[in-house]
Amino acid sequence: MLSVRGLHVSYGEHPVLRGVDLDAARGEVVAVLGPNGCGKTTLLRAITGGVAYSAGEIAIDGASVRGMSAGALAKRVAVVTQGAVLPEGFTALEVALMGRTPHLRLLQSEGRRDLQIVQAAMQRADCWQLRDRRVEELSGGERQRVVISRALAQEPELLLLDEPTSHLDLQHQVDTFRLLRELCTERRLTAVAVVHDLTLAAMFSDRMALLADGRIEATGAPADVLRAETIERVYGIAVRVLAHPDTGRPVVVPEAATAAAGEARRRAGAGAAP
Amino acid sequence: MQLARPRAAPARAPARPPALLTWRALAPSYALALAATLAVAVFAVSWGTVHIAPLTTLSILIGHLPFVSTGEHSATTDAIIWQVRAPRVLLAGLVGATLAYSGAAYQGVFRNPLAEPYLIGVASGAAVGATLIIISPLFVAAWFISPLPPAAFAGALIAVALAYGLARTAGRVGTASLILSGVAVSSMCTSLVTYLMLTYNTRTLAILTWLLGGFNTASWQKVAISAPYMIAAGVLILPFARLLNVMQLDEDEARQLGVNVERIKLGVLGLASLATAAAVSVSGLIGFVGLIVPHAVRMIWGPDYRRLLPLSACFGASFLILADVVARSIDPGYEVPIGVVTALIGAPFFLYLLRRQNRAAEGRA
Amino acid sequence: MRNNWLGRLVLLLAAGMLLAAACSSGGKSGGKTPAFNDNPTTITGIATVAQYPVPVARSDGKPLSIAQAPARIVSLSPGATEIIYAIGAEATLAAVDKNADFPDAAKSFPTKVDAFEPNIEAITALKPDLVIVASDTGGIVAKLDELKIPVFYVDIDKSVKTIDDIFVQISLLGRITGKTEKADALVASLGERRKKVELAVRDIVDSSATKVYHELDETFYSASAGTFVGDIYRILHMKNIAGDGGGVAYPQLTQEAILAANPGLIVLADEGFGVTVDSVKARPGWSAIDAVKNGQILGVDPSIVSRPGPRIIDALEAIAKGAYPNRFK
Chain A
3 MLSVRGLHVS YGEHPVLRGV DLDAARGEVV AVLGPNGCGK TTLLRAITGG VAYSAGEIAI
63 DGASVRGMSA GALAKRVAVV TQGAVLPEGF TALEVALMGR TPHLRLLQSE GRRDLQIVQA
123 AMQRADCWQL RDRRVEELSG GERQRVVISR ALAQEPELLL LDEPTSHLDL QHQVDTFRLL
183 RELCTERRLT AVAVVHDLTL AAMFSDRMAL LADGRIEATG APADVLRAET IERVYGIAVR
243 VLAHPDTGRP VVVPEAATAA AGEARRRAGA GAAP
Chain B
2 MQLARPRAAP ARAPARPPAL LTWRALAPSY ALALAATLAV AVFAVSWGTV HIAPLTTLSI
62 LIGHLPFVST GEHSATTDAI IWQVRAPRVL LAGLVGATLA YSGAAYQGVF RNPLAEPYLI
122 GVASGAAVGA TLIIISPLFV AAWFISPLPP AAFAGALIAV ALAYGLARTA GRVGTASLIL
182 SGVAVSSMCT SLVTYLMLTY NTRTLAILTW LLGGFNTASW QKVAISAPYM IAAGVLILPF
242 ARLLNVMQLD EDEARQLGVN VERIKLGVLG LASLATAAAV SVSGLIGFVG LIVPHAVRMI
302 WGPDYRRLLP LSACFGASFL ILADVVARSI DPGYEVPIGV VTALIGAPFF LYLLRRQNRA
362 AEGRA
Chain C
3 MRNNWLGRLV LLLAAGMLLA AACSSGGKSG GKTPAFNDNP TTITGIATVA QYPVPVARSD
63 GKPLSIAQAP ARIVSLSPGA TEIIYAIGAE ATLAAVDKNA DFPDAAKSFP TKVDAFEPNI
123 EAITALKPDL VIVASDTGGI VAKLDELKIP VFYVDIDKSV KTIDDIFVQI SLLGRITGKT
183 EKADALVASL GERRKKVELA VRDIVDSSAT KVYHELDETF YSASAGTFVG DIYRILHMKN
243 IAGDGGGVAY PQLTQEAILA ANPGLIVLAD EGFGVTVDSV KARPGWSAID AVKNGQILGV
303 DPSIVSRPGP RIIDALEAIA KGAYPNRFK
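Taken in sequence, the protein lines are chains A, B and C. Residues 3 to 276 in this note's numbering are what the first sequence spells out, letter by letter. Residues 2 to 366 in this note's numbering are what the second sequence spells out, letter by letter. Residues 3 to 331 in this note's numbering are what the third sequence spells out, letter by letter.
A portion of the hints provided could be inaccurate.
On the chain C side, residues computed to face chain B include the following (Cβ under 8 Å) [unchecked claim]:
1) Asn101
2) Pro105
3) Phe118
4) Glu119
5) Asn121
6) Ala127
7) Asp219
8) Thr221
9) Phe222
10) Pro253
11) Leu255
12) Thr256
13) Ala259
14) Leu261
15) Gly287
16) Gly301
Calculated directly from the structure, the hints in this document are not laboratory data. C-beta atoms are modelled at their ideal positions from N, C-alpha and C, and glycine is treated no differently.
Isolated chain A, as found in the complex (with noise of 0.2 Å):
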C-alpha cells in the first residue's frame, strides 16, 4: 500500500537519508528502528510532505504522493508523534474532533457524523470517558489516547507513528502497541511505526525496517532483523537475541554489564544463544 524507492533527503549539505526503500501492505504494521539520528523521523516527514526530497519516489495505492494536495493527503494518512502539544483550554473531545479537519470544508462546521466517527475512535482508544476534561489536565497515556483517536477520526488508510509510546509507561506501551494491532487487522490499516524499543516491536510488528546512517541495513519478519549480530552492528552494543517463550518472536537483551563478566558468561553459556 506504501512503497518508498530510492529516498534521498538532505538537509542542506548533509545527506540524512540515501537511498531507501521501504514497502507496507494493507494491514500490516512496520516497526522502523535505528539508532538516534538514523533518519527515522525524516522518513516519516518525507511520506506526510513535511520535507522535501531531492530523489525518489512514494507512492500511496500507486499515486505518487509528490502531486497530493495537503488535504488530499490528510484524508488518508494520520501522523502520531510524541509528547504532541496540545493547546490548553480545549476538552479531549475538541482535540479529537480536529481530527475531522480533512474531511470538513472552510465555512462547515463538524456534524453529527463527524461526532459519531470521533465518539468511535475515543471509544476505541478508550478515552471517551475523559472527552469533557480539559486536555492540560490530563496524564500523559491520556493525552497520547486523545491524540491517537483524534488520528483515528481522520479515518486513514495509512498510520505514522513517530516514537508514539517513549515516554509512557510500560503499561501504556503494550496498550498502544495492542492497539496499533487491532485496529490494523479489524480495519486493513497500514501503520509505520518508529520505535525504540526493538523487544516490543518485535512482539507487534509484521515486518521491520532497520535504518543505519541513512540506509536499510536490514528488512524483514523481526526474527530475520533482530540478530545479535546486525543489532551489535548497527547499534555497536553487545546483545543477546532470545526467544519469547510463548510466541517465538526474540527478545532483545543487552549482554551483561560489565566486560569481565561479559566474557565470562560467553565462555561460559557457548552456543546457548538461539
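For chain A, the structure is supplied; the task is to place chains B and C on it using the hints.
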C-alpha cells in the same frame, strides 16, 4: 486499564450528546452579544456633558433614518447627537471591535499570548504616514477629505508588507521570523517619527496628539472611509475560525491535518492588518484593547475561535465605547486621552479575571 | 462560567471615580496675580538709569544676579527675541532660536540654536554671558547652572500669565540689557494702546458678554483664562468657553462642549495649519453655532497671539476690531 481488549461503552440510558459548535448553535450567542453591544452604544450616545434625555436621543437618532421623521429638535441638540456623539460612538465601537478581533487573530496565528495587532508594524507604519503629512505643506491646505487617514493607512500597509517580505524564505514565513522582522520595522519607523517630531518642532503637538489617539474629531466622513475595511475584514475572518483552532496545535501537526498553514497565515494576518490599519488611520494609536480584550474573552468564554472572534469584537466595541464615554465626560468639557482611560479601566479588570482564573486553577490542583 | 456583570459595573464605576478625583485635584492655577511679580520695576513709564547688579527671580526660584550689561545673549525664547529687538538691544544677541521669525532680522539671523532639543555644547561654544530660556526642556537649565552660565529662566506657563506679566518681562529685559529708556517707552506705548481698547469696551456688562472659543489646533486645543491669551478675552469682557481649563493652561475641549457652549465668536490661531474660516463653517454640526451662523469667525496670525511678546497688543487690537467693529471706527 486492563491489558485485555477495552470493553464496549457501558449500556446506560443515552447521555445528553455533547454540544457541537455549529453556526446554528452559535447564532443565539452572536445575536445576544450584538444586542448587548447595541444597547451600550445607544446608552453612550445619550450620555455626555450635556444632559440630553434618552428618549430625545432615540427620537433624534430614529429621525435621521430615511423616510422617518420624528419632529423638530433644537439645532444644537440635533448637532450634538447626530454630528458629534453618534459618529463618535460608532467609530469607537468599530475601532474597538477591530482591535479586539485583530488581536485575537494575531494571537491565534502567532500562538503567542503577547501578540497584538501592532506587532508587525501597523502602528508605527501608520505613524510615519501621518507624521509625513503633518510636517508637509499638504497639511496646511484645507482639503475636502483630509489626507491624513489615507496616508496613515498607506504607511501601515507598507510597513506590514515590508515586515512580511523580510521574513519570507522559500515560500514560508516562520512566526518567529515574522515577529523579529516586525519589531525591526517598527523600531525603524518609530525612530523616524521621533526624529521628525523633534526636527519639525512646531508640529510636535499635532503629531503627538495624533499618536495619542482619540475620537474627539470623529465624523461621519471618518466612519465612511474606514468602516468598509473594518467590517469586511471582520466578516471575512470569521470562516477561518475553525482552522485557527486547529493551528493552535502546532504548525507541523496542522499541516498534517491538511491545513494550508501558509495560506491561512497570509489570509488572517492580511485581513487583520488591513482592518487595524483602517482603524488606526482614523483614531490614532490606542493601546491595550488589542492585547487585553481577547484574553478577557478567552478567560470567560473559552479558547474556541468560533466564539472568540465575534465575542472579542462585541466586547472590544463595548469596552472602547465606554472608555470613550469616560474620556469625554469624566472632566466635563475637557478631553482626557483615551489611552489613559483604557489602561485605567482595563488593567484592574484584567487583574480581577487573572486572579479568578488562578483561584480556579488552585481549586483544581 | 457566567460573567459577573455586577462585578464589572462596580469596577468600572470605581475606576471612573478614581479618575475624576485625580483630574479635579490636579494643580489648579492660582489666583489672578502672577507669582512672579516681586520686581520693583515700575511700569508706568518713569525712566530709570540702568542700575547694576540687577537681581532677577527665576521661575524655579533660584536667584540670578546680572552684574553688568551682557554682550553675548543666546535667546531660546522667541518672545524674548522679539522683545530684545523691540527695545533695540539686538546687538547683544549671539544666537536666536530656530523658530524665531520676527522681525526679519531675527529670521535671517546667522547663528541659530535649537530651543526644543537644546544642544549644550553648541550653546557653550558660543560663549554666552546670558541664556534666556522659556521652557526647561531636557534639563537645559540645570546643565547651564552647572557650567556657571547665567540663565534667565522664565517659564511661560508658570510666570507669564497675563499681559501685565509680558510688560514685566519687557521692563526686566530692559534693565538687564541697560536699555531701560526704550523698554519703559515701549511698555508705556503698549499700555496706552491697551487702555484705548479697554475704554472702548468698558461698558460691556457680563450679561451681554460674548462667548468666545479660541482655537489652537484642529483637535480643539484651546487657551484657558489663566494664560496671556485668556487675558485678551478678559480685557474684552468676553467669556472664554475654555474656562479655567480644568487646571490645564492649554486644555483640549470636547466638540460636544463647544457646541453646547454655543460661542458667539470663534478665533482661529491655527489658520496656518489648514484651518480656514470656510473649513470651520463646513465642520459637521457646527452650523448650529451662533458664531458660524453670524459669520463671526476671526483668523489671527499665531505668531502674534501665541507668543508672549510686544505684538500681543497687535493681537488684542485685531481681535477687538474684528469682534466689535463698530467700537473701533
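Quick one, is the C/Phe222 hint okay against chain B at 8 Å, beta carbons? holds (6 Å)
Is the hint on C/Thr221 kept, meaning its closest Cβ partner in chain B is under 8 Å away? holds (5 Å)
So, as I understand it, the hint says C/Ala259 touches chain B; can you test that by seeing if any CB pair is closer than 8 Å? Where the cut-off is 8 Å and the nearest Cβ of chain B is about 4 Å from C/Ala259, the hint holds.
Restraint check, 8 Å cut-off on beta carbons, for C/Glu119 near chain B: holds (5 Å)
Restraint satisfaction for C/Phe118 [CB to CB of chain B, less than 8 Å]: holds (4 Å)
Interface hint compliance - C/Asn101 to chain B, C-beta minimum distance less than 8 Å: Holds - the Cβ of C/Asn101 comes within 8 Å of chain B, reaching about 6 Å at its closest.
Against chain B, with CB atoms and a cut of 8 Å, does the hint on C/Asn121 hold up? Cβ of C/Asn121 sits 12 Å from chain B, so the hint is violated.
Would the stated hint for C/Pro253 survive a check requiring a Cβ distance to chain B of less than 8 Å? Status holds, d = 5 Å.
A closest beta-carbon separation below 8 Å is what the hint needs, so does C/Leu255 meet it against chain B? holds (6 Å)
Hold the hint about C/Asp219 up to the distance rule: shortest CB distance to chain B must be less than 8 Å. Holds - the Cβ of C/Asp219 comes within 8 Å of chain B, reaching about 6 Å at its closest.
At a threshold of 8 Å, is the proposed contact between C/Pro105 and chain B supported by beta-carbon distances? Violated, because the Cβ-Cβ distance from C/Pro105 to chain B comes to roughly 19 Å (cut-off 8 Å).
Restraint: C/Thr256 near chain B, CB-CB cut 8 Å. Satisfied or not? Constraint on C/Thr256 satisfied, holds at 5 Å.
Going through the hint list in order, the structure does not satisfy hints 2, 5, 6 and 16.
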